[in-house]
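Visitor: If you want the building blocks of each chain, they are given just below.
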Amino acid sequence: MKNSNLPNDVINKIIEVPKTIIEAPINLLKLLAPKRKKKASAKIGLPPGSIVYLGEKKVEKVTINVTEYDETSAESYEINSAEEIDPFTDTPQVTWVSVCGLHETDFLKQVGERFKIHPLVLEDILNTDSRPKIEITDDYLFIVMKLLLFNPEQKILETEQVSFILGKTFLFSFSEKTDEIFNPVKDRILSQLGKISKRGSDYLLYALMDIVVDHYFLALEKVEERIEILDDEVINNPDRSQIESIYNLRNLLLVIRRAIWPLREIVNQLIKDDGDLLDESIEPYLRDLYDHTIHITETIEQQREVTNGLMEIYLSMMSNKMNEVMKVLTVIATIFIPLTFIVGIYGMNFKYMPELNWPWAYFAVWGVMIGVVGMMFYFFKKKNWF
Amino acid sequence: MKNSNLPNDVINKIIEVPKTIIEAPINLLKLLAPKRKKKASAKIGLPPGSIVYLGEKKVEKVTINVTEYDETSAESYEINSAEEIDPFTDTPQVTWVSVCGLHETDFLKQVGERFKIHPLVLEDILNTDSRPKIEITDDYLFIVMKLLLFNPEQKILETEQVSFILGKTFLFSFSEKTDEIFNPVKDRILSQLGKISKRGSDYLLYALMDIVVDHYFLALEKVEERIEILDDEVINNPDRSQIESIYNLRNLLLVIRRAIWPLREIVNQLIKDDGDLLDESIEPYLRDLYDHTIHITETIEQQREVTNGLMEIYLSMMSNKMNEVMKVLTVIATIFIPLTFIVGIYGMNFKYMPELNWPWAYFAVWGVMIGVVGMMFYFFKKKNWF
Amino acid sequence: MKNSNLPNDVINKIIEVPKTIIEAPINLLKLLAPKRKKKASAKIGLPPGSIVYLGEKKVEKVTINVTEYDETSAESYEINSAEEIDPFTDTPQVTWVSVCGLHETDFLKQVGERFKIHPLVLEDILNTDSRPKIEITDDYLFIVMKLLLFNPEQKILETEQVSFILGKTFLFSFSEKTDEIFNPVKDRILSQLGKISKRGSDYLLYALMDIVVDHYFLALEKVEERIEILDDEVINNPDRSQIESIYNLRNLLLVIRRAIWPLREIVNQLIKDDGDLLDESIEPYLRDLYDHTIHITETIEQQREVTNGLMEIYLSMMSNKMNEVMKVLTVIATIFIPLTFIVGIYGMNFKYMPELNWPWAYFAVWGVMIGVVGMMFYFFKKKNWF
Amino acid sequence: MKNSNLPNDVINKIIEVPKTIIEAPINLLKLLAPKRKKKASAKIGLPPGSIVYLGEKKVEKVTINVTEYDETSAESYEINSAEEIDPFTDTPQVTWVSVCGLHETDFLKQVGERFKIHPLVLEDILNTDSRPKIEITDDYLFIVMKLLLFNPEQKILETEQVSFILGKTFLFSFSEKTDEIFNPVKDRILSQLGKISKRGSDYLLYALMDIVVDHYFLALEKVEERIEILDDEVINNPDRSQIESIYNLRNLLLVIRRAIWPLREIVNQLIKDDGDLLDESIEPYLRDLYDHTIHITETIEQQREVTNGLMEIYLSMMSNKMNEVMKVLTVIATIFIPLTFIVGIYGMNFKYMPELNWPWAYFAVWGVMIGVVGMMFYFFKKKNWF
Amino acid sequence: MKNSNLPNDVINKIIEVPKTIIEAPINLLKLLAPKRKKKASAKIGLPPGSIVYLGEKKVEKVTINVTEYDETSAESYEINSAEEIDPFTDTPQVTWVSVCGLHETDFLKQVGERFKIHPLVLEDILNTDSRPKIEITDDYLFIVMKLLLFNPEQKILETEQVSFILGKTFLFSFSEKTDEIFNPVKDRILSQLGKISKRGSDYLLYALMDIVVDHYFLALEKVEERIEILDDEVINNPDRSQIESIYNLRNLLLVIRRAIWPLREIVNQLIKDDGDLLDESIEPYLRDLYDHTIHITETIEQQREVTNGLMEIYLSMMSNKMNEVMKVLTVIATIFIPLTFIVGIYGMNFKYMPELNWPWAYFAVWGVMIGVVGMMFYFFKKKNWF
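Chains as they are written, first to last, in our numbering: chain P, 10 to 395; chain A, 10 to 395; chain G, 10 to 395; chain X, 10 to 395; chain C, 10 to 395.
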């Protein structure tokens with residue numbers, strides 16, 4: 010197993026990109042909301058199982074990439090219609106059809122007919138607002154997942170829907186717009202590296218799901234980075250704008266949590282499934298995946314609690330700042346108001362004020378005033394206000 | 010399956026209407042409360058199973074619409090009494106009796122007798138304050154749901170009770186006042202479009218429940234819109250009235266949650282039921298419905314957390330405003346109180362004050378005062394108060 | 010079934026009374042606490058199963074009312090000792106013995122011996138601080154419930170303990186002081202109205218439990234009324250005393266919740282019980298009762314959340330009031346402190362102050378001051394302080 | 010059953026003592042902490058099952074009291090070593106060995122060897138920081154409980170560990186320092202009163218556990234008393250020191266909750282156990298005990314919520330006090346700052362100020378100032394500041 | 010069993026060291042974060058089961074220590090490669106291979122091949138960011154735990170990963186850098202003390218896990234110490250920096266909780282496992298371990314609640330300080346502002362001010378002013394401001 014031969018440039022590209030992002034996840038919620046809204050209204054009244062794509066058209070052209078492999082050979086090419094799939098579906102080779110872009114529904118309809126996929130499954134693939142889910146039938150296994158991806162141009166964290174249909178010798182993967190994240194797996198297949206080419210379509214499903222899950226770790230790293238930055242800022246330089254960042258961070262964590270939470274149950278059902286589609290030897294891998302999803306959900310919960318703590322520390326810091334302002338006001342007022350009263354006394358115009366005529370009176374007043382200031386300082390010192 | 014043939018105008022009507030609503034969901038709680046109160050008191054002492062309608066009379070006249078259909082034909086007409094149902098109940102055709110308005114209980118009593126419905130079921134149909142529930146017997150299946158609907162005139166979100174009684178070849182649906190929301194289904198039946206006319210009463214029940222559930226998505230969209238508006242307002246222009254809006258939004262979410270929460274269990278029981286009333290082929294549809302209810306409850310929980318966050322951000326914003334007020338006071342007081350003291354000194358009337366006679370003393374005092382102001386500004390700058 | 014024939018005056022009496030109550034539930038907690046305390050200490054060291062009554066003597070005289078009925082006849086009379094029960098216990102007629110007042114334990118001991126009731130059951134009847142519970146044996150079924158009742162004189166919500174012992178043909182009900190709430194049932198029995206006289210002791214138990222549960226709805230209505238009043242007051246006229254009302258309301262909800270929470274489990278066990286005591290036909294009624302208890306617990310949880318929100322809105326309102334106070338102070342100080350400084354300048358007594366001799370200087374100073382005030386107003390306007 | 014014959018003086022002693030306590034539960038946490046710390050560190054590296062006592066030596070001398078009884082006779086005496094137990098272990102009489110003081114481990118080792126007790130059980134008896142637990146083997150049943158007791162000298166609530174080993178005809182009870190709380194039971198045995206002498210060692214175990222549980226009620230009464238006192242104080246006279254009392258009360262409730270929480274599971278396991286050690290007739294008693302533990306845990310949860318509410322009301326009260334202070338400042342400043350400005354005007358020394366020479370000007374200024382004060386008062390009245 | 014013979018110096022060293030630590034756990038989160046981040050990114054795209062070490066190189070040289078023992082003899086020596094293990098793996102003696110340092114993966118690969126360990130298990134050993142877990146196969150049992158250890162130089166609490174592979178006659182233990190904590194066990198084996206040398210590899214596993222768990226108690230003691238210090242500080246001398254300490258303490262508790270939480274399930278699975286690897290006699294020990302983990306998780310939850318309470322008390326204390334500041338300002342301003350007004354009156358230059366010419370007027374003004382001050386003091390006294 011030579012890791013050095015692996016397509017490291019692909020890995021590096023993925024790792025490096027996000028480093029420049031999530032500087033401003035503030036717009037996230039607003040970006041997601043319009044999409045969701047449109048769909049919810051549009052669905053009412055449509056008969057169940059209608060194969061209509063209601064999401065945004067995120068890529069110009071739908072691309073369908075086919076990768077066929079077994080232990081001895083592997084090849085990859087693009088196709089245009091479902092008819093081209095036919096010849097290779099009944100070979101013992103594993104056939105991986107990766108569809109990127111969902112706005113052309115014809116291909117999906119053809120697949121649905123040829124592979125006898127339930128219309129509701131096809132509807133779920135197109136409804137990019139679905140909840141992550143798993144459907145297990147005798148003939149195929151259907152999984153919907155959410156992919157968390159960084160958009161380096163808009164500097165936001167995007168959710169995208171990824172679906173898989175697993176058959177005995179084939180796997181369909183559907184992405185809204187990003188399928189490059191699966192390239193490391195494709196490269197490993199084509200270079201016949203690692204054990205992936207020796208194993209069936211179930212291992213391929215696991216490998217793709219593993220990549221999706223690994224991207225959650227990446228997203229949470231970004232969140233953690235941001236928490237640390239905010240943490241430093243809030244403690245060292247609390248400021249009005251941070252409350253908004255904390256609020257947005259919390260909402261972001263809510264969105265991420267919702268994408269990941271159902272995954273636990275999905276992987277658990279995969280482990281417990283004893284149908285023909287999953288080989289027994291895949292179980293340790295699925296349990297590993299299950300551990301990862303638990304690890305992620307625990308990290309999210311921890312980050313949520315840390316963010317809540319951050320909110321409290323922010324509020325306390327702002328209140329401390331207010332305290333400082335009040336102290337300045339109080340010190341100034343407490344020192345000068347009595348002094349102003351003293352000078353006011355000798356500004357009075359009474360005819361009979363004996364002090365006014367004493368030669369040293371003016372200087373005595375200065376003495377009294379300096380004494381008052383001294384007492385004030387002593388008092389403030391004792392109260393620890395400096 | 011031609012979606013373009015569907016009664017799009019009906020869909021559009023439903024989608025467009027709410028766009029102008031929920032501008033003021035503030036009155037919601039008060040509107041619902043009186044109704045509920047009246048009933049709770051009125052129930053005490055009545056024997057269980059009393060068929061009395063205690064709710065408001067929401068429509069002038071009770072309308073009873075019957076739709077009969079099978080794969081080959083479909084017809085729809087209005088009837089006036091339960092006797093008219095008899096002839097068609099024992100045909101293999103599916104008979105859908107849609108009752109709108111509950112204040113005439115005679116029809117219900119007749120139905121109860123003819124179809125051997127338990128008195129408690131009839132009581133639950135009339136008690137519009139029931140909790141969503143399911144009752145499964147050998148002969149029929151009874152479901153109570155809450156419908157969330159926008160009232161465009163009063164600009165509020167209303168809850169209404171919808172009940173279904175499903176038999177082998179018939180379905181009764183009872184609405185308090187709105188049955189137009191079921192029109193898309195009726196239109197699909199009458200136009201013999203889609204698979205609904207090829208299937209039994211169980212699929213009809215599913216189709217109607219699906220429409221009720223779809224309206225929850227609509228309600229939550231409205232809530233989401235409102236959260237976004239409030240979000241913007243609170244961050245950009247925090248104001249005393251927003252707290253009331255947030256508080257009302259939270260109470261609204263509590264009401265919605267209570268309407269939806271039991272639905273999960275209801276749909277789950279439908280899925281697990283292995284009686285004769287539900288065909289096996291209906292299960293994927295019910296599971297889809299189940300996913301939708303989970304999706305909705307998750308959205309509500311998320312919205313509740315966002316609203317809680319909004320409350321915190323509001324409180325912080327108000328406290329920031331107070332901070333601003335305090336800063337202005339402190340800056341003004343800190344600058345002018347010492348100056349007033351200085352001018353006070355030379356307002357004193359002592360006979361022996363050497364400075365008073367110096368020719369340039371007045372201008373020196375101005376110099377000192379400008380110096381004090383300068384120092385203050387430097388101090389405020391350092392404290393980041395500007 | 011003629012509802013109009015029902016003893017409506019009885020119903021009305023019950024409904025009307027509470028309308029004048031819960032004006033001041035503030036004293037509730039203090040009223041309940043002493044009772045509970047006394048008992049807890051007194052129990053230590055007593056052998057388990059001691060038949061001692063440790064509660065307050067709430068009624069002057071213990072009354073024991075017996076109602077015997079079957080489908081054909083019904084009669085009701087008072088008795089004085091347990092011996093008088095003997096003759097009618099072995100008849101097929103249903104015998105309902107309603108005991109009001111618990112401080113005379115002899116009757117209970119006689120009942121315990123004659124009906125072979127476990128001493129711990131008798132102890133639980135007398136220990137009015139028991140938790141709601143159910144005990145199912147082969148021979149009888151024992152239920153403890155809490156009754157929530159309004160005391161119109163002291164204007165508080167009181168909890169009272171009600172216990173039932175159900176045998177095959179008899180039912181004992183024990184109340185601390187109020188048994189009038191069961192009068193509607195007795196009236197229906199004696200007038201041979203409704204199905205109650207056609208059914209056994211199990212249906213009688215259900216009817217009595219149903220009345221106790223209905224009183225919870227009444228209590229929650231009162232709480233809801235109070236929440237609405239507080240809601241209005243807090244939003245329109247926040248005031249120091251409201252915090253105490255909210256705090257008391259929350260404690261009241263805690264007390265109610267504790268009384269009702271175990272009921273869910275009790276009714277659930279009744280439903281699942283397959284002994285001889287409960288006829289199968291009673292099950293739909295029990296499931297209805299179960300739905301009611303769930304409805305009540307959900308209402309309590311909702312009211313608790315609303316009350317928590319009320320607390321937050323109260324705190325925010327009080328903080329808004331403070332903000333108003335600060336603004337007034339700041340506006341006044343910010344306007345007058347600079348003006349006072351200006352007039353102070355020309356109060357100085359320097360010999361060489363050119364302005365003092367300018368004829369129009371005094372009016373110029375007025376001009377400057379008016380200009381300063383104008384600027385301040387513009388500033389406050391911009392800050393939205395008016 | 011003659012309750013009047015019972016050792017009432019013993020009961021009274023127990024009930025009276027705590028009346029003078031928990032005046033200051035503030036030191037509780039600090040008192041418990043050192044003990045726990047010492048043990049945790051000292052355990053590391055020791056082989057499991059080491060019979061070493063690591064707690065404080067709480068009593069001077071270990072006392073071992075043996076009570077033997079059956080239906081016909083009962084006697085009680087002190088012994089010094091485990092050898093003296095031998096003669097009476099194989100008699101059908103119940104033998105209750107009550108050990109008070111744990112710092113002499115020899116006796117325990119002898120008991121361990123003679124009665125074949127697992128070393129880990131012996132270790133748990135000595136480790137007074139154990140969690141309440143139950144161990145059921147074929148030969149014996151081992152229970153660890155926490156006893157909550159008032160220390161009237163130090164005025165604190167103390168936790169102490171009590172362990173029981175139940176065999177077929179014997180019961181060992183181990184206390185750290187207080188075994189007088191079991192005296193009522195011993196007295197009942199020796200006076201052959203009640204049913205305890207007619208029953209086996211299992212009933213004895215129940216009777217002792219019941220006493221421990223009854224002491225929890227007592228502790229919670231004390232907490233309730235304290236909550237009520239604080240409640241009154243916070244509402245009527247909020248004060249800086251109360252926050253500390255509330256905080257300590259909450260920590261105290263955490264400690265009590267931890268001591269009681271596991272008890273529920275312990276009693277539940279006793280109920281479900283179908284070994285030889287527990288007779289079937291004991292079950293109603295255990296279920297009664299179970300109800301008590303649930304009652305206690307519910308009371309603790311309620312008290313925790315009340316205490317949380319108390320914290321909120323305290324914070325609100327303190328903020329109200331601040332509000333009062335601000336109002337006083339604002340009223341004073343708002344009235345006098347404008348007046349000071351007015352008098353400042355006529356303190357100016359301009360040559361040409363027409364008003365200065367008007368004879369009635371001084372009185373006019375007084376008129377103006379009184380007018381200003383009047384307006385201010387009207388304004389404050391309108392704002393409800395008085 | 011002679012405890013005095015035990016390597017007390019080792020115990021003491023462990024106990025003493027931490028006494029000087031956790032003075033500054035503030036840096037904890039930042040220290041852990043970089044490590045975790047690096048790994049998450051680096052994992053993406055790597056094939057599952059890659060045996061690569063991605064953590065820090067924490068020790069210079071990997072050391073592999075082998076301890077072989079049975080009831081009669083025991084010896085311990087260092088080895089360099091997996092080949093040296095071969096001769097002793099098939100003897101009935103227990104072989105404990107303790108590996109310290111993970112950056113040389115060759116040894117692990119050899120072990121993997123020779124003992125047929127699944128690649129994912131080997132990956133988990135190297136991935137020091139794994140979640141605590143257990144894997145049970147027919148041939149071996151794999152456990153990952155987190156060790157909480159104090160770093161006396163950096164004064165922080167560190168987490169380190171410890172893994173165990175248990176076979177029928179061997180045990181592998183893998184530490185990142187610290188294996189001295191296991192020395193007490195090794196010493197007990199080599200000195201043939203206690204029952205450990207009479208028992209199999211399963212008891213050895215238990216003994217090592219017990220030591221890891223005991224270190225959690227130590228960590229929680231340190232946290233408790235710190236809570237107590239903060240507690241004192243916050244109540245007696247609240248200060249801006251404490252909020253940061255409380256926040257860090259909460260985050261520290263989150264980290265500890267995450268390390269310990271899964272342990273409960275791990276030990277529970279060990280108890281329920283009925284494979285060949287664990288002897289039945291080990292069960293009481295495992296149940297004891299289980300009780301300890303529950304004890305620890307309960308302690309953490311309690312400490313979390315106490316820390317939350319600490320946060321609230323801190324906020325209240327800071328708000329009290331602000332209150333004090335406001336009171337000082339208000340007292341000073343309320344006393345001197347009216348006085349300044351009075352002296353201002355007689356500073357006016359009106360020609361006709363009768364008072365100015367009264368001889369005793371000046372002294373009368375002083376009298377009035379002293380009267381005003383007296384009234385103010387009376388008012389403040391009444392308000393309890395002193």
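Note that these hints are calculated values from the structure, not bench results. Misleading hints may appear alongside valid ones.
Same chains, same names: a pair is fine if it fits in one copy or spans any two.
Taking lysine to aspartate or glutamate pairs in the EDC-like style, the calculated list, with each CA pair at most 20 Å apart, reads [stated by the list, open to error]:
| # | residue 1 | residue 2 |
| --- | --- | --- |
| 1 | Lys231 | Asp138 |
| 2 | Lys67 | Glu169 |
| 3 | Lys66 | Glu84 |
| 4 | Lys392 | Glu242 |
| 5 | Lys390 | Glu242 |
| 6 | Lys67 | Glu364 |
| 7 | Lys330 | Asp248 |
| 8 | Lys360 | Glu253 |
| 9 | Lys391 | Glu242 |
| 10 | Lys207 | Glu234 |
| 11 | Lys390 | Asp248 |
| 12 | Lys391 | Glu234 |
| 13 | Lys392 | Glu234 |
| 14 | Lys392 | Asp248 |
| 15 | Lys186 | Asp241 |
| 16 | Lys66 | Glu167 |
| 17 | Lys281 | Glu80 |
Visitor: Compare the structure with each hint and give your call.
Guide: So, going through the hints one by one against the coordinates:
Only between protomers do Lys231 and Asp138 lie at most 20 Å apart by alpha-carbon distance; the minimum there is 17 Å, versus 24 Å within a single protomer. In the homo-oligomer, the alpha carbons of Lys67 and Glu169 lie at most 20 Å apart inside one protomer (10 Å), although the nearest pairing across protomers, at 39 Å, exceeds that limit. Taking the closest pair of Cα atoms, Lys66 and Glu84 never come within 20 Å of each other, the shortest separation being 29 Å inside a single copy and 41 Å across copies. Proximity of Lys392 to Glu242 under the C-alpha cut-off of 20 Å is restricted to the inter-copy arrangement: shortest distance 16 Å between copies versus 29 Å within a copy.
Only between protomers do Lys390 and Glu242 lie at most 20 Å apart by alpha-carbon distance; the minimum there is 19 Å, versus 30 Å within a single protomer. Proximity of Lys67 to Glu364 under the C-alpha cut-off of 20 Å is found in neither arrangement, the shortest distances being 89 Å within a copy and 75 Å between copies. Proximity of Lys330 and Asp248 under a CA criterion of 20 Å is satisfied in both settings, with 9 Å inside one chain copy and 13 Å between copies. Taking the shortest Cα distances, Lys360 and Glu253 never come within 20 Å of each other, neither inside one copy (64 Å) nor across copies (58 Å).
Taking the shortest alpha-carbon separations for Lys391 and Glu242, only the inter-copy value of 17 Å comes in at or below 20 Å, while the best intra-copy value is 31 Å. For the identical chains of this complex, Lys207 and Glu234 are neighbours neither inside a copy (39 Å) nor across copies (52 Å), given an alpha-carbon limit of 20 Å. Taking CA atoms no more than 20 Å apart as the test, Lys390 paired with Asp248 passes between copies only; the shortest distance there is 15 Å, against 28 Å inside one copy. In this assembly of identical chains, Lys391 and Glu234 lie within 20 Å of each other by CA distance neither inside one copy nor across copies; the values are 42 Å within and 29 Å between.
In this assembly of identical chains, Lys392 and Glu234 lie within 20 Å of each other by CA distance neither inside one copy nor across copies; the values are 39 Å within and 28 Å between. In the homo-oligomer, the alpha carbons of Lys392 and Asp248 lie at most 20 Å apart only across protomers (12 Å), although the nearest pairing inside one protomer, at 27 Å, exceeds that limit. Taking the shortest Cα distances, Lys186 and Asp241 never come within 20 Å of each other, neither inside one copy (36 Å) nor across copies (30 Å). Taking the shortest Cα distances, Lys66 and Glu167 sit within 20 Å of each other inside one copy (15 Å), while across copies they are farther apart (35 Å).
In this homomeric assembly, Lys281 and Glu80 never come within 20 Å of each other (Cα to Cα): the closest approach is 28 Å inside a single copy and 41 Å across copies.
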